[in-house]
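Trainee: Chain by chain, the residues run as shown.
Number of protein chains: 2
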Amino acid sequence: MAKINLHYRKLSAGYLFPEIGRRVRLFQQENPDHEVHRLGIGNTTEPLTLTVLEGLRDGVERLGDAETYTGYGDEQGEEELRNELARFYGRRNIVLDPDEIFISDGAKPDAANIQSVFSTENRVAVQDPAYPVYVDTNVIAGRSGPFDPDLGNYAGFVYMVCSRDNNFIPDPPQEHVDLIYLCSPNNPTGAVASREELKRFVDYARENKAVLVYDAAYAEFISDPDLPRSIYEVDGAKECAIEINSFSKLAGFTGVRLGWSVVPKALVVEDSEPGEVHRLWFRRQTTFFNGASNIAQRGGMAVLSEQGLKECAGLINYYMENARIIGDGLQALGLEYYGGVNAPYLWLKTPVNLSSWDFFDKLLNEAQVVGTPGSGFGPSGEGYFRLSAFGHREDIEEAVQSMKSRLKL
Amino acid sequence: MAKINLHYRKLSAGYLFPEIGRRVRLFQQENPDHEVHRLGIGNTTEPLTLTVLEGLRDGVERLGDAETYTGYGDEQGEEELRNELARFYGRRNIVLDPDEIFISDGAKPDAANIQSVFSTENRVAVQDPAYPVYVDTNVIAGRSGPFDPDLGNYAGFVYMVCSRDNNFIPDPPQEHVDLIYLCSPNNPTGAVASREELKRFVDYARENKAVLVYDAAYAEFISDPDLPRSIYEVDGAKECAIEINSFSKLAGFTGVRLGWSVVPKALVVEDSEPGEVHRLWFRRQTTFFNGASNIAQRGGMAVLSEQGLKECAGLINYYMENARIIGDGLQALGLEYYGGVNAPYLWLKTPVNLSSWDFFDKLLNEAQVVGTPGSGFGPSGEGYFRLSAFGHREDIEEAVQSMKSRLKL
Numbered sequence: 001m002a003k004i005n006l007h008y009r010k011l012s013a014g015y016l017f018p019e020i021g022r023r024v025r026l027f028q029q030e031n032p033d034h035e036v037h038r039l040g041i042g043n044t045t046e047p048l049t050l051t052v053l054e055g056l057r058d059g060v061e062r063l064g065d066a067e068t069y070t071g072y073g074d075e076q077g078e079e080e081l082r083n084e085l086a087r088f089y090g091r092r093n094i095v096l097d098p099d100e101i102f103i104s105d106g107a108k109p110d111a112a113n114i115q116s117v118f119s120t121e122n123r124v125a126v127q128d129p130a131y132p133v134y135v136d137t138n139v140i141a142g143r144s145g146p147f148d149p150d151l152g153n154y155a156g157f158v159y160m161v162c163s164r165d166n167n168f169i170p171d172p173p174q175e176h177v178d179l180i181y182l183c184s185p186n187n188p189t190g191a192v193a194s195r196e197e198l199k200r201f202v203d204y205a206r207e208n209k210a211v212l213v214y215d216a217a218y219a220e221f222i223s224d225p226d227l228p229r230s231i232y233e234v235d236g237a238k239e240c241a242i243e244i245n246s247f248s249k250l251a252g253f254t255g256v257r258l259g260w261s262v263v264p265k266a267l268v269v270e271d272s273e274p275g276e277v278h279r280l281w282f283r284r285q286t287t288f289f290n291g292a293s294n295i296a297q298r299g300g301m302a303v304l305s306e307q308g309l310k311e312c313a314g315l316i317n318y319y320m321e322n323a324r325i326i327g328d329g330l331q332a333l334g335l336e337y338y339g340g341v342n343a344p345y346l347w348l349k350t351p352v353n354l355s356s357w358d359f360f361d362k363l364l365n366e367a368q369v370v371g372t373p374g375s376g377f378g379p380s381g382e383g384y385f386r387l388s389a390f391g392h393r394e395d396i397e398e399a400v401q402s403m404k405s406r407l408k409l
Numbered sequence: 410m411a412k413i414n415l416h417y418r419k420l421s422a423g424y425l426f427p428e429i430g431r432r433v434r435l436f437q438q439e440n441p442d443h444e445v446h447r448l449g450i451g452n453t454t455e456p457l458t459l460t461v462l463e464g465l466r467d468g469v470e471r472l473g474d475a476e477t478y479t480g481y482g483d484e485q486g487e488e489e490l491r492n493e494l495a496r497f498y499g500r501r502n503i504v505l506d507p508d509e510i511f512i513s514d515g516a517k518p519d520a521a522n523i524q525s526v527f528s529t530e531n532r533v534a535v536q537d538p539a540y541p542v543y544v545d546t547n548v549i550a551g552r553s554g555p556f557d558p559d560l561g562n563y564a565g566f567v568y569m570v571c572s573r574d575n576n577f578i579p580d581p582p583q584e585h586v587d588l589i590y591l592c593s594p595n596n597p598t599g600a601v602a603s604r605e606e607l608k609r610f611v612d613y614a615r616e617n618k619a620v621l622v623y624d625a626a627y628a629e630f631i632s633d634p635d636l637p638r639s640i641y642e643v644d645g646a647k648e649c650a651i652e653i654n655s656f657s658k659l660a661g662f663t664g665v666r667l668g669w670s671v672v673p674k675a676l677v678v679e680d681s682e683p684g685e686v687h688r689l690w691f692r693r694q695t696t697f698f699n700g701a702s703n704i705a706q707r708g709g710m711a712v713l714s715e716q717g718l719k720e721c722a723g724l725i726n727y728y729m730e731n732a733r734i735i736g737d738g739l740q741a742l743g744l745e746y747y748g749g750v751n752a753p754y755l756w757l758k759t760p761v762n763l764s765s766w767d768f769f770d771k772l773l774n775e776a777q778v779v780g781t782p783g784s785g786f787g788p789s790g791e792g793y794f795r796l797s798a799f800g801h802r803e804d805i806e807e808a809v810q811s812m813k814s815r816l817k818l
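Taken in sequence, the protein lines are chains A and B. All residue numbers for the first sequence refer to our numbering, where the first residue is 1 and numbers rise by one. All residue numbers for the second sequence refer to our numbering, where the first residue is 410 and numbers rise by one.
Some hints here could point you the wrong way.
[Claimed, not checked] Computed spacing ranges between beta-carbons, pair by pair: (1) 98/A x 506/B: 43 to 53 Å; (2) 19/A x 674/B: 18 to 28 Å; (3) 83/A x 551/B: 33 to 43 Å; (4) 730/B x 98/A: 45 to 55 Å; (5) 95/A x 679/B: 21 to 31 Å; (6) 91/A x 504/B: 48 to 58 Å; (7) 120/A x 504/B: 37 to 47 Å.
[As the list claims (entries may be wrong)] A few chain B residues facing chain A, derived, Cβ under 10 Å: (8) 502; (9) 504; (10) 518; (11) 526; (12) 546; (13) 583; (14) 586; (15) 667; (16) 701.
It should be emphasised that the hints constitute simulated quantities derived from the structure, not laboratory data. Quick reminder that beta carbons are idealized off the backbone N, C-alpha and C, glycines included.
Bound-form chain A, shown alone (with noise of 0.2 Å):
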């Protein structure tokens, strides 16, 4: 008699979208006439640029020719986008062997993946807020008790607090855990971790023997040189950190599927020797996964170019600059927001106390206005909102200016 897996039983109520996308459904049911600004969802609104339509071309003219025809390609990516990406870490003074780097169809998938080579009993600590991939996936995996639906959290977990008080990058956890996940430029907060506040982190897993994730997906909408764009740029990371990466954000992706996660040689856990863990995502890849889409692979190939990365630069400024316009905005409302400057989000102090979804209600209502309850990413993101620059830009000027003279503050 087969049984289901009875930790998604465990699972709070439905994913963050659906029930926004319902909100929203319900609101344009009773108001047809008015256009509603999507400012939720961090999803690219903006074409590929000339440079990797170019490339994805070629991938696909390639499979039109016995000659150039592909099939079934290498599992962990093709060997020349491995050199290309061992190349980019290369220019900030990286060494990666592009052994290290596995191609995937996206951070997301490898986000929610790179559990299962760990231990159901390791402990897990995550940022709160945090993108509920993270918190999902280790549910799933049976590594929490059940949800508490008034502190609006797992049992098991441990919820390292994001709030105005450490400007939204805390510090390593008190107590010990095994799985740190990390995001930085963040999603939601749209915070950025220094050099410095990473090392603590670092620190701590070589301590501890942990294992620090890193989602680094956002790591190309950092302007100021200051700050990190890889965890491998804090000495002795390569022990601990394992890095995964997209090029959904950076070139525009999200429909065309390409990522990778970095996996170092050198990282160790408590019952491994070096190299173990690697050869476990190898395996883990070769045996579940079977490798990104070949046109994906040479669109990949494209964008890492010398002029698809200043071509797709230009796309970042563009969402940047949308960025900008939204943070005006907010300023202008006199209200409390955080972000947008090193990362593509806006992280919104709602007005006098609302809860997150009562402000959702609110702009919608109000301003005709989609965002995203930061009480979706986690307990601590209630009384926040995030507000995505992922755009195009007349919405997100007429966005603005619906905020601007419709809200009511």
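Given the structure of chain A, go ahead and fit chain B onto it with the hints provided.
Mentor: Positioned in the frame of chain A, the structure of chain B alone reads:
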């Protein structure tokens, strides 16, 4: 102190194909002037067809235009593609709700991940021999005991022997099991289950509240109109069967990466209500996966067009003509073989009771032909050998000629 998932250490040494690669490289180093013919891995070799290329091109061009650009799509897959697939099943009088179809990046990831929505205490039955992914993923999930190197199997799994005696289609287990993996047309044996044979499994599953994981990735290679191409051709299968399928072999998408799974809403297991397994897989996919590439999905829609299917049937005919040529060669050599008629694999009985790996070495050394040792697919594969019909015609003909003239039998 982070610890690894120790179940990984239970896995028997490496994956089959790396060892094949190692032996071939060694042979080539020692015999640099010999050309090697690869009939080992089941990898497509022929270019995509015109209609499908047009679909992929359209997929790329849409990303270059702000009007048609798309980022994250429906994680379950584009509605248009799911509708097309529902129509594809409709042609065989199978009625599916498009919501029961989940688009993925291939059959391998789905075959690997499906176990994760079930209890780790469930008992697993596999065909022996079988595609190694079914076994390895359940080992990693902790559903097996240790590997027995003498028996070549894992404690705790039920191996359903596929032999000449049962035409390589086993009976349902005598004992109680919870998850049953079936592949038809079969990789590696090339055997295809009849409707009556499948009905016995459906009956077993309904009686025992077991789940059938039915891998139909080679369904379109069936030419015999009496043989079922889907498990849902059997009454009652929707209550107990999940079907996994792929564009890889259907359209040459091994590198493009696109597949689908059907999880019927009517499917029930012991501790669930109707619809719950469907909801769990939805939750699994929306949490661990971020959709298949939107380019690949446009290609998939082109495959399912009338003209696309016609062209893809041409590709399949090409490979099946290869199978016929290999089969004729084996017959001329007086070798006993199975399959190759409704499946792109030929399953050869090794002569004079050679072990699978001894025959591998003999075939490589004498005829410079690479195949796959049957023992790599499970203990009952010992003494057998898989030849794949995927390849360029000229290579296939040369391989057969080389076997005919050089193999010492």
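Trainee: If a hint holds in the structure, say so; if it does not, say that too.
Mentor: These are the hints, each one checked on the structure:
| no. | hint | result |
| --- | --- | --- |
| 1 | 98/A x 506/B: 43 to 53 Å | holds (45 Å) |
| 2 | 19/A x 674/B: 18 to 28 Å | holds (22 Å) |
| 3 | 83/A x 551/B: 33 to 43 Å | holds (37 Å) |
| 4 | 730/B x 98/A: 45 to 55 Å | violated (40 Å) |
| 5 | 95/A x 679/B: 21 to 31 Å | violated (53 Å) |
| 6 | 91/A x 504/B: 48 to 58 Å | holds (56 Å) |
| 7 | 120/A x 504/B: 37 to 47 Å | holds (40 Å) |
| 8 | 502 | violated (27 Å) |
| 9 | 504 | violated (24 Å) |
| 10 | 518 | holds (6 Å) |
| 11 | 526 | holds (6 Å) |
| 12 | 546 | holds (6 Å) |
| 13 | 583 | violated (16 Å) |
| 14 | 586 | holds (9 Å) |
| 15 | 667 | holds (8 Å) |
| 16 | 701 | holds (7 Å) |
Comparing the model with each earlier hint shows violations of hints 4, 5, 8, 9, 13; every other hint is respected.
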